[in-house]
Structure formats: structure tokens, C-alpha cells
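Got chain E; can you put chain Y on it based on the hints?
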Amino acid sequence: MPSMRDIKEKIASTKQMRKITKAMQMVAAAKLNRAQATAQDYSAYADKLREVVASIASTASKGSNSKHPMLATRPVKKTAYLVITENRGLAGAYDSTVLKYTQNLIREKHQSQDEYLIIVTGKVGLNYFEKRGYPVAFSKTDISDDFSFDDVLAFAKQTITLFDTKQIDELHLIYNHFVNAISQTLVDKQLLPLKDLESKPTEKVNYAYEPDEDEVLESLLPLYAEGQIYGALLDAKAAEQAARMTAMRSASDNASDIIDHLSLSYNRARQAAITQEITEIVGGAAALE
Amino acid sequence: MSTVHTDIVTPAGKVYEGDVHMVCVRSKSGELGILPHHMPIVAPLEIALVRLKHEDEKIVDYVAVHGGFIQVGRENITILSEAAEPKSSIDVERAKKANAEAKSQLNTLHATSEGYAEALLKLKRSELRLSTAAIDDTIPEA
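Chains as they are written, first to last, in full-length UniProt numbering: chain E, 1 to 289; chain Y, 1 to 142.
Excised from the complex, chain E in its bound form (with noise of 0.2 Å):
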């Protein structure tokens, strides 16, 4: 049995460390109120891009002459798959459902290295790979928790110039999508080509393009793709803070669950004492007599 100082000792470090999980936990929570707003800030953007680019996508999809090479599907001979994860852990199951997932995936649809290759984002993502060996073609980990549209476009544009380049011929999307501040769900989406376009049955609006509906795509595709990307990194940064909000508050819970344990061992082990102490005085007296 553990002595009372031992026992002492354990709780204040306890403490300490719950004190630490409570600061994370409200760091996090805090951040993810601000990837919230930023994602909302973004998505104002994305819906106008995506109903133009599809109002466009649906025209010229009929007209099957004039098609953009990323809205062409081309037998697939290298997959790329851009998988989402963070810098420094501490997010519960946040990357390895992501990394697990790639990893089945790769398994499943791959027999050589020469198929696919990977593009990551996050840290543990990079090490993970790198350790087992996966074609890694290019990564960034230096994504704050705070990036904006320009920290990350010059990474974006290097993806699609893959696509562009015809090195790779699909490009699959891998992260945590946010849910709600307690649930995150796996997404794999494929981004290039672009496929599920054709926007919902509302008013259809007849465009004019000028000079011409190619020349439009030319420009609006690579940003929609841009675009694209830079969502998903904002959606895997919310789901991110959300998780670590979440792992961090168990943490916490799980600390507090000790403290009051080892304070129930830490006051029997007192009582045993004081027990143990009057029986030495009543004998030492007893004797005496």
C-alpha cells in the first residue's frame, strides 16, 4: 500500500496535469470558434462558385465538343490522394482514422507504388508515410491554426499542376469533415476531375460567357479546384480544434476521475493511520497499567 505522501503526491501532480488539459480544451474551444466563422466566411464564396461553375458545367456538358481536361475522365493510371492531417496531436483518434483509412484504401486498390501517390498536409501525416515508406510527392506542414486563402493557394496550385501535367489522373480529397463540435466523419471525395456537378433544379438562368464558354472554364475551373481545397483544409482545421476540444475534455474528465480516487485511498490510508496510532496509545496505556 502506497504511503499517505506517496498518495499526496500523485494527486497534486494529477492536478497539475488536469490544469493543463482544462487550458488546451478552452484554447481549442476558442480556435474552433474561429475556424467556424472563417469556414463560414468561406462557404459564401464557395456556393457562388460552384452554382456558376456547374450552371457552365451543365451547358457544356451537352455541347460534348467543348471539354475542359478537368471535367474529363481519362483512364486512370496514377491516383493521387491528398490526405489532411495536423502538426501535433493530442486530437484523439483525429489522424489515425484518416491514416488507417488511406492506408486500407491504398491496400485495397493498389498492387505497386507506381498507381498512387501521396500528398499530405499535417506533421503526423508526413511521418507516418515517410516511416512506411509511401510515395510522398510533396507536403506542408507549416499550416497555422489561423492560415489564410493565400498561405495555402501556392500549395494548392502545386496539387492541380499534377493534374494539369497529366503526372497524376485523379485526385482524391482524405479528411475529417466537421460535424458538430462533438462528431467528425471520415470524407473521401474525389476533386479532379470534377464530377457531380449539375446544380439542383433551380431557376435556370441562361449565360452569356464572354469571349466564350472554353475561355470561361479556362479561368474558373482551376479556381473552383483552389477553392476546393482551401474548404477542405478549413473544414479538417474546425474538425480538428473539435476533436482536440473533445479528447482534451476527456482528459480532463479522466484526471478528475483519479483525483477523486486517489483522494478516497489518500483518506483511508489516513484513517488507518489515526486508527493505528490510538491502538499503539490505548496498548502503550493498557500496558502501564
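One or more hints might be untrue.
Stretch by stretch, here's where chain Y covers chain E in the computed footprint (C-beta under 8 Å, at least three residues) [claimed, not checked]: (1) 17 to 27; (2) 49 to 56; (3) 206 to 213; (4) 217 to 225.
The hints are simulated quantities; they were obtained by calculation from the structure and are not laboratory data. Built from N, CA and C at the ideal position, the CB exists for glycine as well.
Relative to chain E, chain Y alone:
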């Protein structure tokens, strides 16, 4: 005079919103001046100044728009761009710095070398910012 509701939207949120009488943009195929009840049109834009004229012709808003495109719908106009700043929020110091950087980059790079196109874009953007910030938009006393 009628007006049309105009938004300028970037990934960082809405940078401009208002009812204006005329929107002047420079598209890839030339200058466009769009009045209310224009037919629906979509056009990609150059890195250029966008002028938004209010009903009172003297009031004009200036926004530096870095590419993107304009979408004219039946009841509204939307300009979507990766970056856009109204005249009032342009950081002149930063633009000057970027301008000098881009110029020195262009001096060392050859037209075929990597990064030349980016430096050229950077130069264009910073020049646009500077010229937009330099516009005198004080309303002359009648």
C-alpha cells in the same frame, strides 16, 4: 435611376456589398460597363481596378480585384475573386514592398525561368494596389 445589388466575394468573405448604378470591370476580352437589367453574363477578369458607381454619380467605390470573374445575374451582380480589396483597406506599405521585391525578382530571372510568371503576377498585383490607393476620390465641392 435604377440600381443593382452587387457583391464582391473572396474566400476570406464578402469585401463589398451595395446597390450601385454601374459596375465597370476589365474582363479578359475588354472593358465592360454593366448597368442594371443587363443580360446574364459570365466573364473572367484581369487583375484590374473595379469601379462601382452609385446612383449619385459623384460617389464611386474603387476595389482592386485580382483576377477571378464577374457573374451578372437577373437581379444581382457578383464578382468572385481569390483576392480583392476596397481602396480603403489597401496596405500601401506592404504593396510598395511587394512591388520592389517583384521588380528585383524580375531583374534576376529570365523570361523562361521558373518563377518568372509568378513574379510578373506579383508585380501586377502590387501595381494595381498602389494605383488604386492613389486614386483621389474626394468629392469636389459643388
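Quick rundown of the hints versus the structure:
Remark: the region 17 to 27 of chain E is not confirmed as covered by chain Y, as 0 of its residues place a Cβ nearer than 8 Å to a Cβ of that chain, below the required three. With 3 residues having a beta carbon nearer than 8 Å to a beta carbon of chain Y, the region 49 to 56 of chain E meets the requirement of three or more and the stated coverage holds. Requiring three or more residues with a Cβ within less than 8 Å of a Cβ of chain Y, the coverage given for the region 206 to 213 of chain E holds, as 6 such residues are present. Interface restraint, the region 217 to 225 of chain E with chain Y: holds (4 residues with C-beta to C-beta distance below 8 Å; minimum three).
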